[in-house]
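Protein chains in written order, with our numbering: chain Z, 1 to 453; chain H, 1 to 370.
Be careful, since some hints might not be right.
[Said to hold, decoys possible] Not close to chain Z: a few residues of chain H, all C-beta gaps over 12 Å, as computed:
#, residue
1, Asn219
2, Ala239
3, Pro295
[Unchecked claim] With a Cα cut of at most 16 Å, we get these calculated EDC-like pairs of lysine to aspartate or glutamate:
#, chain 1, residue 1, chain 2, residue 2
4, H, Lys198, Z, Asp390
5, H, Lys184, H, Glu156
6, Z, Lys177, H, Asp66
7, Z, Lys187, H, Glu150
8, H, Lys184, Z, Glu371
9, H, Lys198, Z, Asp391
10, Z, Lys177, H, Glu30
11, Z, Lys361, Z, Glu371
12, Z, Lys177, H, Glu25
13, Z, Lys418, Z, Glu447
14, Z, Lys187, H, Asp66
15, Z, Lys177, H, Asp130
16, H, Lys193, H, Glu150
17, Z, Lys243, Z, Asp391
18, Z, Lys3, Z, Glu371
19, Z, Lys187, H, Asp130
20, Z, Lys6, Z, Asp391
These are computed hints drawn from the structure, not numbers from a lab. Yeah, the Cβ is synthetic: ideal placement off N, Cα and C, and Gly gets one too.
Listed here are the chains, written in short residue letters.
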Amino acid sequence: MTKPRKQVHLAAHFPGVNNTTVWSDPAAGSHIDFSSFVHLAQTAERAKFDFFFLAEGLRLREQGGRIYDLDVVGRPDTFTVLAALAAVTERLGLTGTINSTFNEPYDVARQFASLDHLSAGRAGWNVVTSWDAFTGENFRRGGYLPEDARYVRARRFLETAFELFDSWGRDEIVADKASGEFLRDPKAGAFERHDEQFDIRGRFTVPRSPQGRPVILQAGDSDEGREFAAASADAIFTRHGTKEAGQAFYADVKGRLARYGRRPEQLVVLPAATFVLGDTDAEATELADVVRHQQVSGQTAIKLLEQVWNRDLSGYDPEGPLPEVDPLVGEHTIARGRASVRMHRDPLDTARQWRALAEAKRLSIRELMVEVSGRQSFVGAPSTVAEAIDDLVQSDASDGFILVPHVTPGGLDSFADKVVPLLQERGVFRTDYTGPTLRDHLGIDLEPGGGAG
Amino acid sequence: MAQGVHLTVALEGAGWHPAAWREPEARPGELVTAGYWSDLVGEAERGLLDFVTIHDSFAPGPDRADLVRGRLDAVQIASRVAPRTRGIGLVPAAIATHTEPFHLSKSIATLDYVSLGRAGLSVEISGDPDTAEHFGRREFPQPEDDLYDEAADYVEVVRRLWDSWEDDAEIRDAATGRFIDREKLHYIDFIGKWFSVKGPSITPRPPQGQPLVAAFARNEAGYRLAERAADIVFVAEPAALRGRAERAGRPLLVFADLVVFLDEDERKAASRKARLDELAGAEYTADTRIFTGTPAGLADELLALREAGVTGFRLRPGAIPHDLTAITRGLVPELRRRGAFRDGYDAPTLRGLLGLTRPANRYADQRSGK
Chain Z
1 MTKPRKQVHL AAHFPGVNNT TVWSDPAAGS HIDFSSFVHL AQTAERAKFD
51 FFFLAEGLRL REQGGRIYDL DVVGRPDTFT VLAALAAVTE RLGLTGTINS
101 TFNEPYDVAR QFASLDHLSA GRAGWNVVTS WDAFTGENFR RGGYLPEDAR
151 YVRARRFLET AFELFDSWGR DEIVADKASG EFLRDPKAGA FERHDEQFDI
201 RGRFTVPRSP QGRPVILQAG DSDEGREFAA ASADAIFTRH GTKEAGQAFY
251 ADVKGRLARY GRRPEQLVVL PAATFVLGDT DAEATELADV VRHQQVSGQT
301 AIKLLEQVWN RDLSGYDPEG PLPEVDPLVG EHTIARGRAS VRMHRDPLDT
351 ARQWRALAEA KRLSIRELMV EVSGRQSFVG APSTVAEAID DLVQSDASDG
401 FILVPHVTPG GLDSFADKVV PLLQERGVFR TDYTGPTLRD HLGIDLEPGG
451 GAG
Chain H
1 MAQGVHLTVA LEGAGWHPAA WREPEARPGE LVTAGYWSDL VGEAERGLLD
51 FVTIHDSFAP GPDRADLVRG RLDAVQIASR VAPRTRGIGL VPAAIATHTE
101 PFHLSKSIAT LDYVSLGRAG LSVEISGDPD TAEHFGRREF PQPEDDLYDE
151 AADYVEVVRR LWDSWEDDAE IRDAATGRFI DREKLHYIDF IGKWFSVKGP
201 SITPRPPQGQ PLVAAFARNE AGYRLAERAA DIVFVAEPAA LRGRAERAGR
251 PLLVFADLVV FLDEDERKAA SRKARLDELA GAEYTADTRI FTGTPAGLAD
301 ELLALREAGV TGFRLRPGAI PHDLTAITRG LVPELRRRGA FRDGYDAPTL
351 RGLLGLTRPA NRYADQRSGK
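Input sequences plus hints: build the corresponding full structure.
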């Protein structure tokens, strides 16, 4: 007797403002026109995806003291786009990143509860907490957090938001015209919160939304990030490495749940993944190489190298060898507003590894950057990709994937048309939605916080 | 149609009267659903109104079981209905006192993208200490004059951020590998008494360039805010603004603001309002004029006000849907019969509907040395 096959979860990531997104492709459309968002969301819904995801960054990236101009630049407001997408989709989850540093819990809770009402139970929130003063310059609250305080802020922010979501019971609104009783309890929405981050009290004015609380997403591979997710999140994003690395991550975060009285299935593990499809594996491999070179131009290669070297390398030839100078260690000054910079916590070690790799394979700067930064997660014919996805999910390297197309807005079309039917044939992906809410799609708790008010 | 009046309705819950939710046609159990708001805005659009304002508030409201509590974010309501409408403008309220101008600027810009150029905002302040406790960030109470001045700074930041990208900043130049021409993106470097904002926006310049900014003014501080910040001012007493609209340095359209209770005869309208007052346990008064009567009587009033220099009218329905449909199906045909209202949407953008041009970008002017 074999164990039942796990169901795959899939989400569609709107292409980001980084070099994964290929704007120079002739098929590339607008990154800001609403029609592009509609296209991707409707494609994802046609393919019965769990949710649509939109990332956020609250200050334009800079490198060398100037606005970075080689990648796509410009994004919409998260809540506003998601609310509009609720009008052109019916079942698809609508999720986005909202920062807990440059917002207040009352406002954010109100926005997510509004989105959950307006989408009839499809809202999800990727909680991020930044600490940089660079982004803070765009906000009246200004300031920033010491890096080690950011998870405290995130935790308190989320606890406070939960208190607000839970401040209304499910049946508070009676609205009996004859008796004149609108509210069952005139104190509906009462809340009070006093901790080291927040000192607030009053009445929350959004009645309990269809999901009670939005689905909570969390990205982060650090120990604190994993712990935060284990305590509070419904789904966790991660980077997709090897199958073994995925399995280790999966076992680690699922293992942390018991500490919080939660079961393994209450946290869905969704690595972000890129893909290139071809009619045959060979064709896809060839195409993937073309895409990687589109993603990493010579100029981009130098800029990516600068992000690790923390130096101006504009004098170097991308077709030449790596710089002989070492990365500048210490305060990062060259690239700002960029999360990826933090991935290389030990730049000297990264430089050593890259030098060894470049020497062994005789790679130029550009070829090295193509090699280390551009590799797609899934490359192959649709059947190859479907099999790989199924295998990773069945072997507990993940519960599914957040797919990041490299072309806006049509980059998911072929996946929806060619890979999804194969996953459905394998019996590991839904052929239709079974419930109305994002919580239904993810198979997680339907009534968090009890709804008792 | 130079002779026409401009009309907008102010949408709020089940209507502006506190007992409106008890009317037979009211849908008090649906006030936080998308369907309810789609229906209201759809009705306003069938009436060819210029735009709707959508009220908002962070206030807790009194702890009373007989009053409506529960509202959704107004910008999101506007955005939720935008893809399902084609002609009508969408002007949600935004409370400057407790929000970030950077966030609001991009949310209204995004609403403008979503609606293809039909977005605006109605700027408001909140002086209520109970509301301030929801945020816990500032000392309250504060002088109302300061809150209005702060709101004017807030709109200045919002407007600068809308202009912080020139229209042709996105170049997608394959030859040089550049997606944008960064010379056409601008730091706004706003430094004020209450906040400082660096910029540029993360959102490119919206389709209208500058979405519409409206403000309700009922006192001197409100008039000053409108002069400094708004394209449209809603006023209780239009005469109080005489001569001031010209001082704004940009067109400032004056809209008279009225709460309306409309029925086929005056007595019926008066008795309906009296019945609602009785249900509420108090006579309803508002921070603006209340009109109780027939659509034809209201048309007389509006046309008289137009003669006195008023461009348009914001009508607040006492009860929804009753007074909303009385506007769209009673007042509008009446005005049209008198040659004072349009037959269709004659411009694709909200600014266009109101006869406002698409403004030049302040930073583009600076750069080209104009």
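Structure-based check of all given hints:
With a cut of 12 Å on Cβ distances, H/Asn219 stays outside the contact zone with chain Z, its closest approach being about 25 Å. The beta carbon of H/Ala239 is kept farther than 12 Å from every beta carbon of chain Z, the shortest such distance being approximately 36 Å. The Cβ of H/Pro295 lies farther than 12 Å from every Cβ of chain Z, with a closest approach of about 26 Å, so its non-interface assignment holds. A C-alpha spacing of about 47 Å is found between H/Lys198 and Z/Asp390, which places the hinted pair above 16 Å, so the restraint is violated.
Note on H/Lys184 and H/Glu156: the hinted pairing is violated, with a Cα-Cα distance of about 20 Å set against a maximum of 16 Å. At most 16 Å may separate the alpha-carbon atoms for a hinted pair to count; Z/Lys177 and H/Asp66 meet this at roughly 10 Å. Under the criterion of a C-alpha separation no larger than 16 Å, the hint pairing Z/Lys187 with H/Glu150 is inconsistent with the structure, at around 32 Å. Between H/Lys184 and Z/Glu371, the direct Cα distance comes to roughly 34 Å. Violation of the 16 Å bound is thereby established for this hinted pair.
Note on H/Lys198 and Z/Asp391: the hinted pairing is violated, with a Cα-Cα distance of about 48 Å set against a maximum of 16 Å. For the suggested pair Z/Lys177 and H/Glu30, the alpha carbons sit about 13 Å apart, so the restraint of at most 16 Å is met. A threshold of 16 Å between alpha carbons decides the hint, and for Z/Lys361 with Z/Glu371 the separation of about 10 Å falls inside it, so the pair holds. A C-alpha spacing of about 11 Å is found between Z/Lys177 and H/Glu25, which places the hinted pair at or below 16 Å, so the restraint holds.
With a C-alpha separation of about 35 Å, the suggested pairing of Z/Lys418 with Z/Glu447 is violated against the 16 Å cut-off. For the hint linking Z/Lys187 to H/Asp66, the alpha-carbon distance of about 12 Å falls within 16 Å, and the restraint holds. Restraint check for Z/Lys177 and H/Asp130: not satisfied, since their Cα atoms lie roughly 29 Å apart, outside the 16 Å limit. Among the hinted pairs, H/Lys193 with H/Glu150 is consistent with the structure: their alpha-carbon atoms are about 8 Å apart, no more than 16 Å.
Restraint check: the Cα-Cα separation between Z/Lys243 and Z/Asp391 comes to about 9 Å, which is no more than 16 Å; the hinted pair holds. With a CA separation close to 38 Å, the supplied pair Z/Lys3 and Z/Glu371 exceeds the 16 Å bound. Of the pairs offered as hints, the one joining Z/Lys187 and H/Asp130 holds, with about 14 Å between alpha carbons and a cut-off of 16 Å not exceeded. Proximity of Z/Lys6 to Z/Asp391 is assessed by CA-CA distance (about 10 Å); at most 16 Å being required, the pair is judged to hold.
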